[in-house]
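Given next are the chains, with one letter for each unit.
Protein chains: 2
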Amino acid sequence: MVLKKITVKASDEYDIIIGKDLIHDCYEYIKTAVKSDCFAVITDDNVDEFYGNTVVSSLKNNGKTVCKLVFPHGEASKSTLTLNSIYEFLCENNITRTDCIIALGGGVTGDIAGFAAATYLRGIDYVQIPTSLLAQVDSSVGGKTAVDLPGGKNLVGAFKQPKLVLCDTGVLKTLPRDYFVDGMGEVIKYGMIKSAELFEILENHDIESIHSVLDEVILKCISIKRDIVEEDEFDKGERMLLNFGHTIGHSIEKYYNFSGISHGMAVASGMKIITRNTEDKNITKKGVYNKLVLCLAKYYLNEIINPPVSELIPACLNDKKREGGFINIIICEDIGKSFYKKLSFDEFTGFMN
Amino acid sequence: MVLKKITVKASDEYDIIIGKDLIHDCYEYIKTAVKSDCFAVITDDNVDEFYGNTVVSSLKNNGKTVCKLVFPHGEASKSTLTLNSIYEFLCENNITRTDCIIALGGGVTGDIAGFAAATYLRGIDYVQIPTSLLAQVDSSVGGKTAVDLPGGKNLVGAFKQPKLVLCDTGVLKTLPRDYFVDGMGEVIKYGMIKSAELFEILENHDIESIHSVLDEVILKCISIKRDIVEEDEFDKGERMLLNFGHTIGHSIEKYYNFSGISHGMAVASGMKIITRNTEDKNITKKGVYNKLVLCLAKYYLNEIINPPVSELIPACLNDKKREGGFINIIICEDIGKSFYKKLSFDEFTGFMN
Numbered sequence: 000m001v002l003k004k005i006t007v008k009a010s011d012e013y014d015i016i017i018g019k020d021l022i023h024d025c026y027e028y029i030k031t032a033v034k035s036d037c038f039a040v041i042t043d044d045n046v047d048e049f050y051g052n053t054v055v056s057s058l059k060n061n062g063k064t065v066c067k068l069v070f071p072h073g074e075a076s077k078s079t080l081t082l083n084s085i086y087e088f089l090c091e092n093n094i095t096r097t098d099c100i101i102a103l104g105g106g107v108t109g110d111i112a113g114f115a116a117a118t119y120l121r122g123i124d125y126v127q128i129p130t131s132l133l134a135q136v137d138s139s140v141g142g143k144t145a146v147d148l149p150g151g152k153n154l155v156g157a158f159k160q161p162k163l164v165l166c167d168t169g170v171l172k173t174l175p176r177d178y179f180v181d182g183m184g185e186v187i188k189y190g191m192i193k194s195a196e197l198f199e200i201l202e203n204h205d206i207e208s209i210h211s212v213l214d215e216v217i218l219k220c221i222s223i224k225r226d227i228v229e230e231d232e233f234d235k236g237e238r239m240l241l242n243f244g245h246t247i248g249h250s251i252e253k254y255y256n257f258s259g260i261s262h263g264m265a266v267a268s269g270m271k272i273i274t275r276n277t278e279d280k281n282i283t284k285k286g287v288y289n290k291l292v293l294c295l296a297k298y299y300l301n302e303i304i305n306p307p308v309s310e311l312i313p314a315c316l317n318d319k320k321r322e323g324g325f326i327n328i329i330i331c332e333d334i335g336k337s338f339y340k341k342l343s344f345d346e347f348t349g350f351m352n
Numbered sequence: 000m001v002l003k004k005i006t007v008k009a010s011d012e013y014d015i016i017i018g019k020d021l022i023h024d025c026y027e028y029i030k031t032a033v034k035s036d037c038f039a040v041i042t043d044d045n046v047d048e049f050y051g052n053t054v055v056s057s058l059k060n061n062g063k064t065v066c067k068l069v070f071p072h073g074e075a076s077k078s079t080l081t082l083n084s085i086y087e088f089l090c091e092n093n094i095t096r097t098d099c100i101i102a103l104g105g106g107v108t109g110d111i112a113g114f115a116a117a118t119y120l121r122g123i124d125y126v127q128i129p130t131s132l133l134a135q136v137d138s139s140v141g142g143k144t145a146v147d148l149p150g151g152k153n154l155v156g157a158f159k160q161p162k163l164v165l166c167d168t169g170v171l172k173t174l175p176r177d178y179f180v181d182g183m184g185e186v187i188k189y190g191m192i193k194s195a196e197l198f199e200i201l202e203n204h205d206i207e208s209i210h211s212v213l214d215e216v217i218l219k220c221i222s223i224k225r226d227i228v229e230e231d232e233f234d235k236g237e238r239m240l241l242n243f244g245h246t247i248g249h250s251i252e253k254y255y256n257f258s259g260i261s262h263g264m265a266v267a268s269g270m271k272i273i274t275r276n277t278e279d280k281n282i283t284k285k286g287v288y289n290k291l292v293l294c295l296a297k298y299y300l301n302e303i304i305n306p307p308v309s310e311l312i313p314a315c316l317n318d319k320k321r322e323g324g325f326i327n328i329i330i331c332e333d334i335g336k337s338f339y340k341k342l343s344f345d346e347f348t349g350f351m352n
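Here the protein sequences come in this chain order: D and Y.
The first sequence begins at 0 in numbering that gives the first Met the number 0 and counts up one residue at a time.
The second sequence begins at 0 in numbering that gives the first Met the number 0 and counts up one residue at a time.
Only chain D is shown next, with the shape it has when bound in the complex (with noise of 0.2 Å):
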């Protein structure tokens, strides 16, 4: 098996191992990151049936204590009520300071353990293994764990770093096509911010072909937000440009309450809505959105998703990474180039006028 490993160096130094299949012997690499005797494996009932089994049997197999907890999938578990589940359960099976959480699943189980972990006994080890494409290129790494609330995503979290991160990318041929789009919006959001190379590889492909080159892509899109996070941990600067689409395209889900439209495909629409918006200023090259636009299509993105601008500003506005009366826009000048701009609420209710 051809193992790439990539080494992050948080404030806690961790890796992430992709591969072909690794899940199967799951606990030969995690022993290498972690002691504990005793895990929790926390995922969802999409996943569970798939890989629960998997991990489990190869945690056992080892003459591990293993306890699973199994949650309905979809991002209405990324709640609170979710949370205090994962609470309870932990305590109910006796998880120690010495113990390890395992999140296997997609975003929102990477994101609601990881914050379990994060504060159950002020912080315990977890290990995350990223089943969707989304979770493998984006939430598995930089250490962001959150839940959701009523008023908005990811409102609640803290920083975190797993100990280990398992990529296997065998698991992505288990995934539901629309699954798969949902991660190519940010594989192309990578290529945006910061790879004209990457880019390239994606628009002289599509969703089938893509396949051939996938641990290459994924392996492009992991060491660039490696680079981001080792440079900005906390989210102070350099990182901002990850949400590039984002602050947007959290408003588009919140406009339609979270059902319907993949955090992918709402990402692609405020990439879009942005860059052509600057276009239109000037502030980026002309042609760089018809050439997203042609990308997106490749991968089914472009669907018509065009709720009125108008009705989006206010809960951008509100958007967690607003600072007082400013918010941050992350603008593409060119593809591969993108720089971040401090606006003030007026200011960006013009700028998207």
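None of these hints come from the bench; they were simulated from the model.
Keep in mind that the hints are not guaranteed to be accurate.
For lysine-lysine, the following DSS-like pairs were computed, each having C-alpha atoms within a straight-line distance of at most 30 Å [stated by the list, open to error]: (1) D:LYS67 - Y:LYS235; (2) D:LYS235 - Y:LYS30; (3) Y:LYS341 - D:LYS30; (4) Y:LYS235 - D:LYS8; (5) Y:LYS19 - Y:LYS4; (6) D:LYS30 - Y:LYS340; (7) Y:LYS253 - D:LYS67; (8) Y:LYS8 - D:LYS235; (9) D:LYS340 - Y:LYS34; (10) Y:LYS235 - D:LYS63; (11) D:LYS235 - Y:LYS34.
One side only, chain Y facing chain D, incomplete, derived with CB under 8 Å [stated by the list, open to error]: (12) ASP36; (13) TYR86; (14) TYR119; (15) LEU120; (16) ALA157; (17) ASN317; (18) GLU322.
Yeah, the Cβ is synthetic: ideal placement off N, Cα and C, and Gly gets one too.
Dock chain Y against the given chain D, drawing on the hints supplied.
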């Protein structure tokens, strides 16, 4: 006004200001540490009645935007339920990353408002205004924040340093005597673990006369805690000494379902149980137990609460300080001298019998 100031150099550096009646002009001190325009005051109904308006007025008179959340007093409020109501309150009031939480109240308020500050938007600034003796000498120093779970106290939490702590010793006059007694449990603990000099002051006073030297006593307690926290912010060694009497104390509180018994009383009993035991085993110098009992009696902390030790052991083994199959216990060998010892569950059970 004579003010005392202690600077804590933890992962974030901050000041603790001690003085009589400084709450009335609290913004004068807050403005040196925090630049926010908007403040969320979090307090309980008891404290609100005495000081809610005082704090809000000081902020408003200086042109600040202020919102206030009042929850019912008592340990029962240190729950995920109250926490969620705080999150929703912050959200509804559009509190952003550059705004600031004011935790106004005793230990419960400081712990839960501090945890909200640690996790809302992945962390915003907060200021502690502790209004009980216990909170002034203990929970406002050191950056530990927490909420309780049905399974036990402080099982969810985070390390989060405040930007400033304001200890108004004048407010202790409005404390009901039971609350004052409660705090004296921790004050005596500081003498036991680190300072024969402090212990001597305590045994030479009583519940009435101690008020004449209270500023000095509070300063000494905070200094001890500050020194320990600076050495071991994340609770891996030296800081464990602060748990003297607490593992058994917590299990006593649990045994009584956290009602009818104060934290100070439980810790006092915990200190007595462990010290009687270690003195019997010649680990503690002869006579220390007796001095402890006499000193506790002067502060109404020697009431007979003696749940059978055997019934406390299971809860002790479930304490969050346990590590795998081991538990750390804190032992005083002499007044002002303490150390910690790691015992297996079996050793601990044997030790306590």
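Here is what the structure says about each hint:
1. Distance check on the hinted pair: LYS67 of chain D and LYS235 of chain Y sit about 28 Å apart at the alpha-carbon level, within 30 Å; holds.
2. Distance hint between LYS235 of chain D and LYS30 of chain Y is fulfilled; the C-alpha atoms sit about 23 Å from each other, no more than 30 Å.
3. Restraint check: the Cα-Cα separation between LYS341 of chain Y and LYS30 of chain D comes to about 25 Å, which is no more than 30 Å; the hinted pair holds.
4. Our distance criterion of 30 Å between C-alpha atoms is met by LYS235 of chain Y and LYS8 of chain D, whose separation comes to about 22 Å.
5. Only pairs whose Cα atoms come within 30 Å are accepted, and LYS19 of chain Y paired with LYS4 of chain Y is accepted, the gap being roughly 13 Å.
6. A hinted pair counts as satisfied when its Cα atoms are at most 30 Å apart, and LYS30 of chain D with LYS340 of chain Y qualifies at roughly 28 Å.
7. As the CA atoms of LYS253 of chain Y and LYS67 of chain D are separated by approximately 27 Å, the hinted pair is consistent with the 30 Å bound.
8. Restraint check: the Cα-Cα separation between LYS8 of chain Y and LYS235 of chain D comes to about 22 Å, which is no more than 30 Å; the hinted pair holds.
9. Taking the CA atoms of LYS340 of chain D and LYS34 of chain Y, the gap is near 22 Å; set against the 30 Å cutoff, the hint holds.
10. A hinted pair counts as satisfied when its Cα atoms are at most 30 Å apart, and LYS235 of chain Y with LYS63 of chain D qualifies at roughly 25 Å.
11. For a cut-off of 30 Å, the pair hint linking LYS235 of chain D to LYS34 of chain Y stands: about 17 Å separates their Cα positions.
12. Restraint check, ASP36 of chain Y versus chain D: the minimum CB separation of about 6 Å is within 8 Å; hint holds.
13. A least Cβ separation of about 6 Å between TYR86 of chain Y and chain D falls short of the 8 Å threshold, and the interface hint therefore holds.
14. A hinted interface residue such as TYR119 of chain Y counts as satisfied when its beta carbon comes closer than 8 Å to some beta carbon of chain D; here the least separation is about 6 Å, so the hint holds.
15. With a least beta-carbon distance of about 5 Å to chain D, the hint placing LEU120 of chain Y at the interface is held under the 8 Å criterion.
16. This hint holds: ALA157 of chain Y has a C-beta 6 Å from the nearest C-beta of chain D, less than the 8 Å allowed.
17. The beta carbon of ASN317 of chain Y comes within 7 Å of a beta carbon in chain D, closer than 8 Å, and the hint placing it at the interface holds.
18. The closest approach between the C-beta of GLU322 of chain Y and any C-beta of chain D is roughly 5 Å, which is under the 8 Å cut-off, so the hint is satisfied.
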